[in-house]
Amino acid sequence: MSIKNKINILGFISLILIGLFVFIGLNSNNWAYLLSRRIPKVIAIIITGGAIAFSSLIFQTITNNRILTPSVLGLDSLYILIQTFIIFIFGSNNLIVINQNLNFIISIGLMIVFSWLLYKFLFQKKKNNIMNLLLVGLILGTLFQSVSAFMQMMIDPNEFLHIQDKMFASFNNINTNILLLSIAILMAIGLYSYRYLKILDVLSLGREHSINLGVNHDKTTKSMLLIISILVSVSTALVGPITFLGLLVVNLSREFLKTYKHKYLIIGSILISVLALVGGQLLTERVFNFSTPISVIINFVGGFYFIYLLLKENAQ
Amino acid sequence: MIEVRNLVKEYGNKKVVDNVSTKIRDRSITSFIGPNGAGKSTLLSMISRITHKNEGDILIEGKEIEKWNSGDLAKKISILKQSNHINIRLTIWELVSFGRFPYSQGNLTKEDKRYINEAIGYMRLDDIQHKYLDELSGGQRQRAYIAMVIAQNTDYILLDEPLNNLDMKHSVEIMKILRRLVDELGKTIAIVIHDINFASCYSDYIVALKDGKVVEEGNTEKIINKNILGNIYDLDFKIQSMENMKLCVYF
Chain V
1 MSIKNKINIL
11 GFISLILIGL
21 FVFIGLNSNN
31 WAYLLSRRIP
41 KVIAIIITGG
51 AIAFSSLIFQ
61 TITNNRILTP
71 SVLGLDSLYI
81 LIQTFIIFIF
91 GSNNLIVINQ
101 NLNFIISIGL
111 MIVFSWLLYK
121 FLFQKKKNNI
131 MNLLLVGLIL
141 GTLFQSVSAF
151 MQMMIDPNEF
161 LHIQDKMFAS
171 FNNINTNILL
181 LSIAILMAIG
191 LYSYRYLKIL
201 DVLSLGREHS
211 INLGVNHDKT
221 TKSMLLIISI
231 LVSVSTALVG
241 PITFLGLLVV
251 NLSREFLKTY
261 KHKYLIIGSI
271 LISVLALVGG
281 QLLTERVFNF
291 STPISVIINF
301 VGGFYFIYLL
311 LKENAQ
Chain E
1 MIEVRNLVKE
11 YGNKKVVDNV
21 STKIRDRSIT
31 SFIGPNGAGK
41 STLLSMISRI
51 THKNEGDILI
61 EGKEIEKWNS
71 GDLAKKISIL
81 KQSNHINIRL
91 TIWELVSFGR
101 FPYSQGNLTK
111 EDKRYINEAI
121 GYMRLDDIQH
131 KYLDELSGGQ
141 RQRAYIAMVI
151 AQNTDYILLD
161 EPLNNLDMKH
171 SVEIMKILRR
181 LVDELGKTIA
191 IVIHDINFAS
201 CYSDYIVALK
211 DGKVVEEGNT
221 EKIINKNILG
231 NIYDLDFKIQ
241 SMENMKLCVY
251 F
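Heads up: the sequence lines are chains V and E, in that order. Taking the UniProt record's numbering as reference, the numbering of the first sequence is continuous, increasing by one, and the terminal residue is 316. Taking the UniProt record's numbering as reference, the numbering of the second sequence is continuous, increasing by one, and the terminal residue is 251.
Careful: at least some of the hints might be erroneous.
[What the hints assert, rightly or not] Computed footprint of chain V on chain E; a stretch qualifies when at least three of its residues, placed anywhere within it, have a C-beta under 8 Å from a C-beta of chain V:
1) 97-109
2) 114-124
3) 220-232
[Stated by the list, open to error] Facing chain V, a subset of chain E residues (Cβ under 10 Å, in silico):
4) Asn54
5) Asp57
6) Ile58
7) Leu59
8) Val149
9) Gln152
10) Asn153
[Said to hold, decoys possible] What follows is a set of in silico ranges between Cβ atoms, one per label pair, in the way DEER data are often shown:
11) V/Tyr196 to E/His130: 24 to 30 Å
12) V/Leu26 to E/Gly71: 37 to 43 Å
13) E/Asn6 to V/Val136: 23 to 29 Å
14) E/Lys75 to V/Trp116: 33 to 39 Å
15) V/Ile9 to E/Tyr11: 36 to 42 Å
16) V/Tyr305 to E/Asp167: 49 to 55 Å
17) V/Asn129 to E/Ser137: 46 to 52 Å
Derived from the structure by calculation, the hints contain no laboratory data. Yeah, the Cβ is synthetic: ideal placement off N, Cα and C, and Gly gets one too.
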């Protein structure tokens, strides 16, 4: 089966699942209400799925590592910290908590500023040392988690429920205004990244080969890292921490498509991501009746897959 | 010509390459020899801009390396390092096709494909060109990487221990191919090499490094000398001439 056919199949299944998700249970009385709820949800799923898949793929390429996800940069933990901090200081009735637009912009802004500072600081001192960046990101991530946990234990348990809502990714209650902004950001990034598709193929050979082939490795890595942080920030602020999904979908798409070319891998990962999220959302809504957030299912399946990957890499 | 002037590379306080000045002459094979840790690989890495230098000048065809556009330089000079682990699964043909990236930015033209097939033919990999790298033996893999460098079609080719892990047959094969690249295609080749007899039989010039400094340099005839080699390696050398080749016995 050719790669294009495989991608067509993935696209076809995604369309069917999206169709099922949008149109199941519609009748002449409820269609207006249900569609107004479901269409933003599906769009949010596609955006998040795309952002996660794309960011994880390029992250694995620039780190030359198949079992990493951008969550090691500590952005998820920073998001939880921001949310905890806002509620800790201002309480849950504050404007920043209630006004989702404001919260979204503040969260994205802080996450992007954080990663920009991190890159600037680390790359100024030591050029092109990505492993350093990952270690510092990992440590800062843990620090953010601890600080959040500390504040969460001190606040009123009722307030804690607000934070808990944010801790798990969820596609319920998506705000349409935020959605438009996210679409705009993603479109801009998509256009910007298009010319990097072939360069990413070369980057997957590793640093020395890329320099030998004339790629400005340091500069490209930095642009890619910035793109990754913007994508992760958008998807996290939109639905919550869900980067683990990236590990799952990028590796599945590698296994399925068996290619190194990013133009196929990107489409494949995005489609598998949409498949997983729409399928997962169908499960949570129709089978589990909203009793389980989708990220729990994804982390559960992803966890098993991660162990499988580790064992497989080990065996080689 | 590649010219290096007063080149310095420091890691912390240790000078790995210490005030090195030398030349790589056109249309010849220059071998860099010396004990482990002499700074040979670091020198080659700096000449190919993989490692940043601390001080000094590297002139490639008279132009300082930092003034070159990286994409243009990739059409001028290529390097193959000693460890080439690649994380993705590629066939030989796909690997060699990457050598054309500086010219086509990934959109292969007919001409690119001709270069790729020629390079594969040159390294005699035709019948296994669609095999994956992880299915090959060490020698075949090394030849595939050299084919990629040949497809890159640069005037200058730097090879860091190209004979690493190869048996005698494959080592001789590769050295003969390098010789042909110089004699037939007019390339300029610099290699880091440990086997002194290979250096003696196949290179035109030898640069000997020790503790980050150039201790001897000159044509092969001059360097393959009992006293000079003894001084470089702290070993007793006996030089034998056999069928126009100078062989070193140091066992």
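Taking the hints in turn, this is what the structure says about them:
no. : hint                             : verdict
1   : 97-109                           : holds (count 7)
2   : 114-124                          : violated (count 0)
3   : 220-232                          : violated (count 0)
4   : Asn54                            : violated, 12 Å
5   : Asp57                            : violated, 19 Å
6   : Ile58                            : violated, 14 Å
7   : Leu59                            : violated, 19 Å
8   : Val149                           : holds, 8 Å
9   : Gln152                           : holds, 7 Å
10  : Asn153                           : violated, 12 Å
11  : V/Tyr196 to E/His130: 24 to 30 Å : holds, 28 Å
12  : V/Leu26 to E/Gly71: 37 to 43 Å   : violated, 55 Å
13  : E/Asn6 to V/Val136: 23 to 29 Å   : violated, 35 Å
14  : E/Lys75 to V/Trp116: 33 to 39 Å  : holds, 34 Å
15  : V/Ile9 to E/Tyr11: 36 to 42 Å    : violated, 52 Å
16  : V/Tyr305 to E/Asp167: 49 to 55 Å : violated, 41 Å
17  : V/Asn129 to E/Ser137: 46 to 52 Å : violated, 34 Å
Checked against the numbered hints above, the structure violates hints 2, 3, 4, 5, 6, 7, 10, 12, 13, 15, 16 and 17; every other hint is satisfied.
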